[in-house]
Structures are given as C-alpha cells and as structure tokens.
Amino acid sequence: MSTLLEVNDLVVRFYTQEGTVYAVNGVSFDLEEGETLGIVGESGSGKSVSCLALMGLIPSPPGKVESGTVVFEGRDLLTLKPDQMRLIRGKEIAMIFQDPMTSLNPVLTIGTQITESLKLHEGMNTTQSRKRAADLLDLVGIPDAYRRLDDYPHQFSGGMRQRVMIAMGLSCNPKLLIADEPTTALDVTIQAQIIELVKQLKDEFNMAMIWITHDLGVVAGIADRIQVMYGGRIMESGSSHEVFRDSRHPYTVGLLGSLPRLDSSGEEKLTQIEGSPPDMRNEPEGCPFAPRCDVREQLQLEKCWDERPPLETVPDASGAEAHIMSCWADIREGVAENV
Amino acid sequence: MSSPAMVADERKTRDGDDYILEVSNLKKHFPISSGIVFQRQVGAVRAVDGISFNVIRGETLGLVGESGCGKSTTGRTILQLYRPTEGSVKFEGQELSTMAGNDLRQMRRRMQIIFQDPFASLNPRMTVGSIVSEPLQIHKMYANKQERQQYVEQLMERVGLNPYFINRYPHEFSGGQRQRIGIARALALQPSFIVADEPISALDVSIQAQVVNLMEELQDELGLTYLFIAHDLSMVRHICDRVAVMYLGKIVELGPVDEVYDNPQHPYTQALLSAVPVPDPVVEDNRQRIIISGDLPNPANPPTGCNFNTRCPVVFDLCYQEPDPPLIEVRPDHYVSCHRVV
Ligand SMILES: Nc1ncnc2c1ncn2[C@@H]1O[C@H](COP(=O)(O)OP(=O)(O)OP(=O)(O)O)[C@@H](O)[C@H]1O
Ligand SMILES: Nc1ncnc2c1ncn2[C@@H]1O[C@H](COP(=O)(O)OP(=O)(O)O)[C@@H](O)[C@H]1O
Ligand code: SF4
Ligand code: SF4
Ligand SMILES: [Mg+2]
Ligand SMILES: [Mg+2]
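As they're listed, the protein sequences go chains B and E. The numbering used here applies: residue 1 is where the first sequence begins, and numbers increase by one. The numbering used here applies: residue 340 is where the second sequence begins, and numbers increase by one.
FYI, nobody ran anything at the bench for these hints, they're computed from the structure. Please note: incorrect hints may appear among the correct ones.
Stretches of chain B that chain E covers, calculated by requiring three or more beta carbons in the stretch to come under 8 Å of a beta carbon on chain E [said to hold, decoys possible]:
no.: 1; segment: 130–136
no.: 2; segment: 240–246
no.: 3; segment: 268–275
Quick reminder that beta carbons are idealized off the backbone N, C-alpha and C, glycines included.
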C-alpha cells in the first residue's frame, strides 16, 4: 500500500468579532490507499475544520489556514488555485455531510444534481449521465431508481437523502471519501443500514475513507485506524484495537470510562471527566486536556500547562511502531517522560 | 412486604411496590386540517395510540424508540401539557385527564419536566436566579425574597453550579451547565416525579456522564421517580430499572432492563438493539446485525394489522389480518406485543 494523503502540521484559525478561534492547532496524519480512518472527538474539537481545510473549503474570511501542508498524490493541495482544487473536489476527493439537506439543492431534482458532476468531471452527455446516475441510486438501495431521478430532495426521507449523498459522492469513483457525521442525524436502525452500505461500497470501490464522528461505537466496526481529537489537537491515534482496547491517552481512557455499554448491565457509577471542553478562543499553550486531566494531577506534571506534548510514535502491543500519542505521561508505566 | 392491605390496594404491584403513575389506553391524536378559510379535519397524526403502563415509585422507567415514535408526546400528555384524546392518567391515585384549573396546578408542582435542548428551553433574557425561582413565584412559595434567594442558591449548589453566578444569563454557560440550570428549576418545587425528555442528547459525550451521575444522586437523595426518554440505548440500560420500547405510537415491549436487553422478544426490539454500535472492535467484528429495511411509516397513516408489518423480518399472514397484537406478559414482568411471541 502506498500513502495517499499526508497532512503535516495543519493550523487553522478563525478571526471573528469575538476574537480569534484557535480551531486546529498542529494536526498531522497520513492515510494509506484504501484505508479507513475514523476521526472521533467532542463538539468543537476540530474534526470538521481539519477536513474542510484539506478540501480547500474553509470560509475565508473569517477562516485562515495559517500553516501546514496537505500532500495528496504528490501535490500540496493548499498551494493549488481554486479552479484546480475544484477539479479535485468531487472527482478525486468527495465529501458527504451530516445534514444532506444543506448540501443538496432543494430546487433541483436529484437526477440533475448527480448528473451535473458526471458531466463536469467525466464528460458524459445527458443520456449517459442519467443512466449512470440511476445505476448509482440503485447501488445505494433506492428502489425504482430511474423514476426517482426526477424527484426533489424533500420527496426523500432522511435516510434516503443520505443514500443519495453517498451516490453523489461515489459518482466519479473518488480515491478518498470524507464523511462528516453522515449518520448522526439518523435513527439507529437507519444508521445501521447506511453503515452496512458504506462497508460494502468501500470494498467495491477500493476507496480510502475518513469517517468523522463523536460516537465512538460507530467507527469501532468500520475504521482501520482511529484518531482521537481534543481542543484542535490529535491526542492519540492507532489501530481500532489499540485505541479501544489498549488506550494510553488519559483523555481516551476517560472518555471510554464515561460511556455506558449496551452489552453489560450498568450497576457501577459512570466515571466522569470533570470540567468542560476548552474554549477555543484561548490561545492554546501546553496540553488542551490539562485542566481536566487527573493523570496530570496525580503525577503533578507542571509542564502539561505550558509545553505542548509532541505527537510521537510509540510501539504498539505487537512491538510495531504504530501508536501515535501526544502526552507527557505514559499511563501504562505510570511515569512521566523526563519530568 | 406484601401485607394483605397492600395487595388489596390497586396501586400496589405484585411485589408490593407502589405505583406513582398509572397510564391506561392513553391516546394523543393531532388533527391534520386543510383549507385556509374553512379549516376542516382531514385526518390525524396518531402520535400516541393506546398505551398502558405503570411507573413504580422510586424507579427510573426508560422510554425508547426512534424519532417520531411518540416518546415526547407521551411525556407531555402524562403531564397534561397536551390533553389526552382518550384514556386515563392517574398520578398518585388521582385522575389527571379530567382535572383542570387550580387542582391541576397543584398536581403539577409534584410533576416536572427536563427538556432535551438546554439552549432552547431557557429564556435568554432571564438570569439563572430568576429562571430557577420562577416556579416558586408562580406557586407563591417563599414569599420572603431573601429566603427565596437563599433557597435558589442552595439548589444551584446542589446541582453543581456556583451560586456566585446567580445573576448571569444562560448564554454565559456551557451546555452541561445549562442542563444543570434546567434540573435546578425542575427541582425547585420539590416534585416527586420528573419526565426527563432526552436530557443528555444535546450534550458532549464527556458531559453526559456528569449529568447522568447528578440525576442518579438526586434520585437517591430525594426519592425521585423518573420517566427517562432517550434514544441512547446504552445509557438507558445504565440508568433505568425498566424500559418500554415504542414503535409508531404503541408500546411493543416492556420489562426490566437486563431482561429486555439480554433477551429481547419483539422483532423490533431485537433489530433496534442489534443496530446500536458498541465501542469495541472485537465485539463489533463478531456481532450479527439484524438490518431492517425501510423507514418508519407515517403515523397519520399507520399500516393495518401489526404496526411493524412493513419492516418486520419475520412477518407472516396473521400480522396483516389480525388487529395490532396486544401487550401480553411472556415472562414475569416482561410484556411483548407480537403474534410470534405467545
Ligand atoms: N466559520 C467559522 N467561524 C468561526 N469559528 C468556527 C467556524 N467553523 C468552525 N469554527 C470553530 O472551530 C472550532 C472547531 O470546529 P469544528 O467544526 O472542526 O468542530 P468539530 O470537531 O467538527 O465539532 P462537531 O462535533 O460539533 O461538528 C470550534 O471552536 C468552532 O466553533
Ligand atoms: N404539536 C404537534 N402537532 C402535530 N403533530 C405532532 C405534534 N407533536 C408531535 N407530533 C407528531 O407526533 C408524532 C410523535 O412525535 P413525538 O412524540 O415528538 O416523537 P418522539 O419524541 O418519539 O421523537 C410525530 O409524527 C410528530 O411529528
Ligand atoms: S500531556 Fe499532561 S495534561 Fe495532557 S493528557 Fe498527558 S498527562 Fe494529561
Ligand atoms: S406481529 Fe407480526 S409483523 Fe408484528 S412484530 Fe410480530 S411478527 Fe412482526
Ligand atoms: Mg463537525
Ligand atoms: Mg422527542
């Protein structure tokens, strides 16, 4: 496998009337061809903004990509001109969002919207593109697909609209599909339908995928790798097994501990993380989790307040260098690095 | 526990528990009208369509199901925020559906509601102090202003808000803190029963546990009874004693949580539970999902026969021919409504 995408030290800020929002503060990650990366984190942790930035979709003003590189198949996307970027979006990298209604145009039929990108990127004519659009709708499980091309978005249910979005995302066989909370607005039984569909299509299309969610359960079954974000930074990243079953970051451990489990009777009290997520209007110094971290408190780690722990690769359970961490403490050893 | 006197009382369960709330054949239909000048009713949304259940004093009863299945309408109709179309709601033995005026106001002191959206449910122009004390003023409690302020500060402290912030406005608080304000307000009149309508759905994951732990502590301390409406089935298992599963305005399964989760009987409950993702890749890799196709039918036009027959993986002819199956007890305290389960 070769590397498809390399994000290096991405920094994104928004200059608003209420002050600067430090949304993404040095995010780096790689994505292999065909790999599925799950990005998890609470509201405001920078999941969406980091992905919008690599698509060149940060609204500016107020937003600005301050620094970083996004290398996709050898090209730095951040240096491309808007019209060059437009050719990559939709064709090589596609994105689907939480609320399909905001990304579907309410006054255009579904057919018009899917064929538009087929005409732009694949040079198809109307007959060809309608045929392909119907095939795509059929593929994502929309019954009576050819006839439904002439329906408008409001004539579909929430789950069906998300299927339509997936069909649009897939229309040009992208190498990378970014899905930002694609099932968050849906009921669990519909979510399960969409997850099954995506799993199946991912293999069929051999795409890489980034799946953004705040629901740790959703990505446990689909992602090869999980990246946990907090306060605009990556806290921990590793195989799904490593992160869920052998978590080493105080934030991940805390988060998993605070979640009740469907498969066990919940007699014990939930362990809660005290405090609340950081206000992103404060310039981040040190570790963003410091105010809430009980490991810092136990180990009396003063440097957590003012020195940013670097993103470092550490050996995973099998000894391979695959677990990435940003923390001054090693909670498995119960020690702090060079305190 | 089961003295003859207790067994004789209708409001006692088999085990001698005391029912704080008894709901029977409750219906709430919302009329659909058409016409601009002459409004005439052309149909009805059968949001709640004949449900019966009891709530035991001191327990937490979970009410789960997909959006639009009628959970919130059930909660509001119980509290008489909506008046029932049909059926009975008895609170501490007294019929609410026919009660009005001052009697109803007095009853309402003992029943409160916490809403899902801590942003929308608090008046942005009122300070925390006035939000929490408003119910006290309405019910003319603590006429002495100083005593009232003291009591409000106590309440704030109890729900984990610094009383120092008593004069701040809702927008100055985080989502979790706003939900604490909502809880303090609900507790002000010292209710015995609280409907919590998705109280944690809008909160960050790391904040949800804080609010749930607070609700559990308050329950132990004050002997509260909760009707906990939620769609997070993992949280429901954690916080609830029993759970009722709703589908299209009806209860399809009801029982103790561990019993229902470990041994679901209704095909819908089985599909619902199997659809919930678990944050553990090993469990996920070995799970058998029951994927049910299609969407929730329109509650204005429910299917004839069993409500679930348009999506049920084990549907058979009886499910179309017979009226909706009744809720019957299949194991002790475990009720199911399905022709396959008898
Ligand atoms: N257009 C904007 N203007 C100002 N601030 C913004 C804008 N978009 C995002 N932000 C801020 O950037 C930070 C990161 O936001 P982002 O949308 O990436 O969060 P997220 O992790 O996707 O959260 P969620 O789970 O709520 O979607 C937040 O503090 C957010 O308020
Ligand atoms: N005030 C109302 N007027 C008309 N229809 C309503 C009203 N409130 C709820 N409904 C409808 O009743 C059904 C049940 O709604 P609700 O009780 O809010 O569901 P839930 O809380 O389970 O998501 C839905 O179809 C909803 O659209
Ligand atoms: S760097 Fe310090 S504050 Fe941050 S997670 Fe590690 S121990 Fe906690
Ligand atoms: S009664 Fe029939 S359709 Fe309804 S849940 Fe049972 S098997 Fe399915
Ligand atoms: Mg987002
Ligand atoms: Mg509701």
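Hints, one by one, checked against the model:
no. : hint    : in the structure
1   : 130–136 : violated (count 0)
2   : 240–246 : holds (count 4)
3   : 268–275 : holds (count 6)
When each numbered hint is compared with the structure, a violation occurs for hint 1 only.
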